[in-house]
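Q: Same order as they appear, the protein sequences are chains A and B.
Residue numbers 1 to 145, in the working numbering, belong to the letters of the first sequence in order.
Residue numbers 1 to 93, in the working numbering, belong to the letters of the second sequence in order.
Keep in mind the hints are simulated off the structure, nothing from the lab.
Please read all numbers here as calculations on a predicted model, not as lab measurements.
Treat the hints with caution; some may be incorrect.
No more than 30 Å apart at the CA atoms, straight line, and that leaves these computed lysine-lysine pairs for DSSO-like [what the hints assert, rightly or not]:
(1) B/LYS25 x B/LYS65
(2) A/LYS96 x B/LYS24
(3) B/LYS24 x A/LYS19
(4) A/LYS127 x B/LYS25
(5) B/LYS80 x A/LYS96
(6) B/LYS3 x B/LYS24
(7) A/LYS73 x B/LYS24
(8) B/LYS65 x A/LYS127
(9) A/LYS96 x B/LYS65
(10) A/LYS127 x B/LYS80
(11) A/LYS96 x B/LYS85
(12) A/LYS127 x B/LYS24
(13) B/LYS3 x A/LYS96
(14) A/LYS127 x B/LYS85
(15) A/LYS96 x B/LYS88
(16) A/LYS96 x B/LYS69
(17) B/LYS4 x B/LYS80
(18) B/LYS61 x A/LYS96
(19) B/LYS61 x B/LYS80
(20) B/LYS28 x B/LYS69
(21) A/LYS127 x B/LYS28
(22) B/LYS24 x B/LYS65
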Amino acid sequence: MELLQRENVRIFEKAADWKDAVRRSVLPLEKGGYVTPDYKEGVITNVEQLGPYICLAPHVALPHARPEQGALKTQIAVTLFREEVDFDGFDRDDAKANLFVTLAASDNNSHLDVLMEISEILQDDDKMEQILQAANEDELYTLFV
Amino acid sequence: MIKKVMCFCGSGLGTSFVMEMNAKKALKKLGRDDIEVVHSTIDDVMEGAADLYICSQDLVKNAEKAGGKVIGLLNMVNMKEMTEKLEKVLAEE
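Next up, chain A with everything else stripped away, as it sits in the complex (with noise of 0.2 Å):
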């Protein structure tokens, strides 16, 4: 995956909340320019509406906003949490996550490609065992490049 930024690659042990979750998974692309200081909290309230769509795949979340959310440049960011982040306040059960794969488009288009990665990879099971257990964040990058 030719766009991700080593320096967009973050482990952390935990979350206080999905909230706090969502925030620090978007930090790396708002420090990088990539997205507005709105951009995280458009997720949250998209989320809040809406429910938690953005638990894509268990263990996965792709919190994203739309483009005129705050999205200023195409990029994606990957944080994950070693205790699993519980989507809580909602009807559905398993809205949970460790890996969020954070996504900033700044059009419809120019962030398929790159989906359609991270989609095969979260289809691999073997893969994605390998991504839940890096013991790093240089290991984990190397996982999705």
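Assemble the complex: chain A is given as a structure, and chain B must be docked to it using the hints.
A: Positioned in the frame of chain A, the structure of chain B alone reads:
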């Protein structure tokens, strides 16, 4: 008769696109690649927009309001779930 499938999510560019790719793959496998598949945002879900809607489980109620059939997915990247649920809906035709 299902001619058009719309995969949608809250923003119309992440989750919905992954579902669209997998729905296309599943329909091909089921020998129904004559069916058109698009992805969009929840705002485009309205009466007549599609014959079948695919979304995450939490958004099913939004699609039901628009009429048409709805598939709610628990795992948006799982091909097995997508294929089985599409097969079931198509068999009901």
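Q: CA of A/LYS96 to CA of B/LYS24, is that 30 Å or under?
A: holds (27 Å)
Q: A/LYS127 and B/LYS28 were given as a pair; does the straight-line alpha-carbon distance stay at or below 30 Å?
A: Holds: A/LYS127 and B/LYS28 sit about 26 Å apart, inside 30 Å.
Q: Going straight from one Cα to the other, do A/LYS96 and B/LYS69 come out at no more than 30 Å?
A: holds (27 Å)
Q: Assess, step by step, whether the Cα of A/LYS96 is no farther than 30 Å from the Cα of B/LYS88, and give holds or violated.
A: Between A/LYS96 and B/LYS88 the Cα gap is close to 28 Å, so the pair holds against 30 Å.
Q: Check whether the Cα positions of B/LYS61 and B/LYS80 lie no farther apart than 30 Å.
A: Status holds; Cα separation ~23 Å.
Q: For the pair supplied as a hint, A/LYS127 and B/LYS85, is the alpha-carbon distance within the 30 Å limit?
A: Measuring from Cα to Cα gives roughly 26 Å; hence the hint holds.
Q: Decide if the proposed pair is consistent with the structure: A/LYS127 and B/LYS80, CA atoms, cutoff 30 Å inclusive.
A: With Cα atoms ~18 Å apart, A/LYS127 and B/LYS80 stay inside 30 Å; holds.
Q: Quickly compare the C-alpha distance for A/LYS127 and B/LYS25 to 30 Å and report which way the hint goes.
A: holds (21 Å)
Q: Measure nothing beyond the straight line between the CA atoms of A/LYS96 and B/LYS85; if it is 30 Å or shorter, mark the hint as holding.
A: holds (23 Å)
Q: Holds or violated: B/LYS3 and B/LYS24, Cα atoms, limit 30 Å.
A: With Cα atoms ~13 Å apart, B/LYS3 and B/LYS24 stay inside 30 Å; holds.
Q: For the pair we were handed, A/LYS96 and B/LYS65, check the Cα-Cα distance against 30 Å.
A: Status holds; Cα separation ~27 Å.
Q: Is B/LYS28 within 30 Å of B/LYS69, Cα to Cα?
A: holds (20 Å)
Checked against the numbered hints above, the structure violates hints 3, 8 and 13; every other hint is satisfied.
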